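> Sequence:
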Amino acid sequence: MYTMMILILCSSMALRNFRLFDSHRYLERGVYSLDRRVMEFSGILSGVEEELDLRFATLEEAMVFFRAGRSFPYKNFTISLDPDYNGLEVNMLKVVDNVSRYARRVEVLHLGGVFLLVARGV
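Numbering-wise (our numbering), the sequence shown opens with residue 3 and increments by one.
Wrong hints could be hidden among the right ones.
Said to hold, decoys possible - Distance windows between CB atoms, simulated:
| no. | residue 1 | residue 2 | range |
| --- | --- | --- | --- |
| 1 | 40 | 70 | 48 to 56 Å |
| 2 | 113 | 70 | 23 to 31 Å |
| 3 | 103 | 44 | 15 to 23 Å |
| 4 | 62 | 104 | 27 to 35 Å |
| 5 | 36 | 5 | 41 to 49 Å |
| 6 | 99 | 19 | 38 to 46 Å |
To be clear, the hints were calculated from the coordinates, so they are not data collected in a lab.
Quick caveat, the model's predicted, so the values are computed rather than measured.
Where is the CB? At the ideal position from N, CA and C, for every residue including glycine.
Please put together the full structure from these sequences, using the hints given.
Laid out in structure tokens, this is it:
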């Protein structure tokens, strides 16, 4: 009977340790995946910045284009204006992934004659 109780105790400890180890492994994969997606999106943002530099000379010109309800495609993304970002008066663009239908918001800045996009959220 004591042997059976010790085996049950050992098996429960082994199962608990396996679950803990498996959850840490799952979290590491998830963090790496999130990190990779953020880095890929940063690369996409630099391409969008270059595209904005080619299309528009000033921020006002770009905002007139976007406030007219127009958008433009970049690779498999659609870039358009996000007029209601938390009720604030900021120049926010919505970058929608046409494959996964996931939308991200970026703030548009025009510094030193070049466009700069700052991601707000992941």
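> Mind listing which of the numbered hints don't hold for this structure, in increasing order?
1
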